[in-house]
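A.B. asks: Now for the letters of each chain:
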Amino acid sequence: MRKRTGNAVIATVTAVALCSGAWLLTSGTASHPPPQPSSAQAAPTRPGAARPDPGTAPLPPSPPDRVRIPAIGVDAPLMGLGLTRQGSLDVPPAGRKNLAGWYEAGTTPGERGTAIVAGHVDNKEGPAVFYELGALRKGRTIEIERRDGSVAVFTVHANEVYDAKDFPDEKVYGAAPRPELRVITCGGKYSERTGYQGNVVVFAHLTAVR
Amino acid sequence: MRNARLLSGTALAVAAAGALAAPASASASATPAFAAPAPAPVGGLEIQPATVMPGSAVTVHTTACGSGGTATGDASAVGAGTFTLAPGARPEDVTGRFEVPPSAQPGTYEIVAKCSGSGGAAVRNKQVAGDLVVTITSTAAAAEQPRPHPRGHVKTGVGGALGPDPVQTAAGVAALAVAAAGGTWLLHRRARGDRI
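Chains as they are written, first to last, in my numbering: chain A, 1 to 210; chain B, 1 to 196.
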């Protein structure tokens, strides 16, 4: 009787190990490209069609310390970023996967204008801080903790992916009449030779202050 | 490289040209750095952003301290005290950060950095300076002044998330090994005539 129970246990363990082993191997060796925004998340094509929500009144300037995006599980410190010699936005060190940055010579998040936050989608080891950014949908919130103690809450109004060869500088970085935020990471097609060929850009505007 | 040439001190002309070029490069956003008090800094202290509002953070860089050097920064002119400059992204570059106090008054302030560390005897105690302009929030001029914005795409990924996951693959192999052992054991039992 005891032997029979023992056999049944071993048979069960074997079956479970076989199934989970097969699943682990298939998903572990498969390629997992980061999510990309669908066309439904794009900004309306006719900008004049809907009057943009004026949003919440701008805050005084204060540097940001942390970014949180509850919908995709992001909670990361922010470092100041400058520009590269080519004039593109610099990026945080790739080794630290849970670190994002903001363009510190520009607008601070919450202030009137366009504030810019950027972070890695992945590094050599695997997914990084903004891996899930492409999955962020319109209406979700992004919270920025500021050094003055306030939390600026932005609501996503578009999430788009652009090719590096045709990057819309003015749309992404240009001035805005209300407090806006852009969150940028790598995206688009991936090639072994050149890496990711574009960027996922989330567009959001200030809707609350806590 | 310019610094190396300046340090060798071979040609006066080179030194003069360098001294003129240094403040120009330190003032990317039209700060009147030429108004810096003499003697003009050699190598220069690059201040980013060169124009700030009270309460914001400022990053400074210099390549004047040589490879492996460090420096002590002095921003007490603007009320921010001293700070440390440590080697940055490039080996010859030291970088540091300080915060302009919220109570700072508008004006132009001189920020100084003094080399120390292992940069070599030639650069020890060498001093570089740059100008920081503080403006107040409410001035319309400051708001109208277009701040340079970045251009082009951002390099924020290398594709590391795309390959196989080593941990998951190893776990899968381990689980399959357990399954193989269990299966073998059961088959043995059966061959011996035990009922399963």
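It is possible that some hints are incorrect.
Straight-line distance between alpha carbons at most 20 Å, and here's what the computed PhoX-like set of lysine-lysine pairs gives [to be verified]:
(1) A:K124 x A:K165
(2) A:K97 x A:K124
(3) A:K171 x B:K114
(4) B:K114 x A:K189
(5) B:K155 x A:K97
(6) A:K138 x A:K171
(7) A:K189 x A:K165
(8) B:K114 x A:K165
(9) B:K114 x A:K124
Simulated from the structure, these hints should not be mistaken for laboratory data.
A.B. asks: Now, for every hint given, state plainly whether the structure supports it.
C.D. replies: We went through each hint and held it up to the structure:
Of the pairs offered as hints, the one joining A:K124 and A:K165 is violated, with about 24 Å between alpha carbons and a cut-off of 20 Å exceeded. Proposed proximity of A:K97 and A:K124 is supported: the alpha carbons are some 10 Å apart, at most 20 Å. Taking the CA atoms of A:K171 and B:K114, the gap is about 42 Å. The hint is violated against a cut of 20 Å. At roughly 47 Å between alpha-carbon atoms, B:K114 and A:K189 are farther apart than 20 Å, so this suggested pair is violated.
For the proposed pair B:K155 and A:K97, the alpha carbon gap of about 14 Å is at most 20 Å, so the pair holds. For the proposed pair A:K138 and A:K171, the alpha carbon gap of about 17 Å is at most 20 Å, so the pair holds. Under the criterion of a C-alpha separation no larger than 20 Å, the hint pairing A:K189 with A:K165 is consistent with the structure, at around 12 Å. Between B:K114 and A:K165 the CA atoms are separated by roughly 43 Å; this puts the pair beyond 20 Å, and the hint is violated.
Proposed proximity of B:K114 and A:K124 is contradicted: the alpha carbons are some 38 Å apart, above 20 Å.
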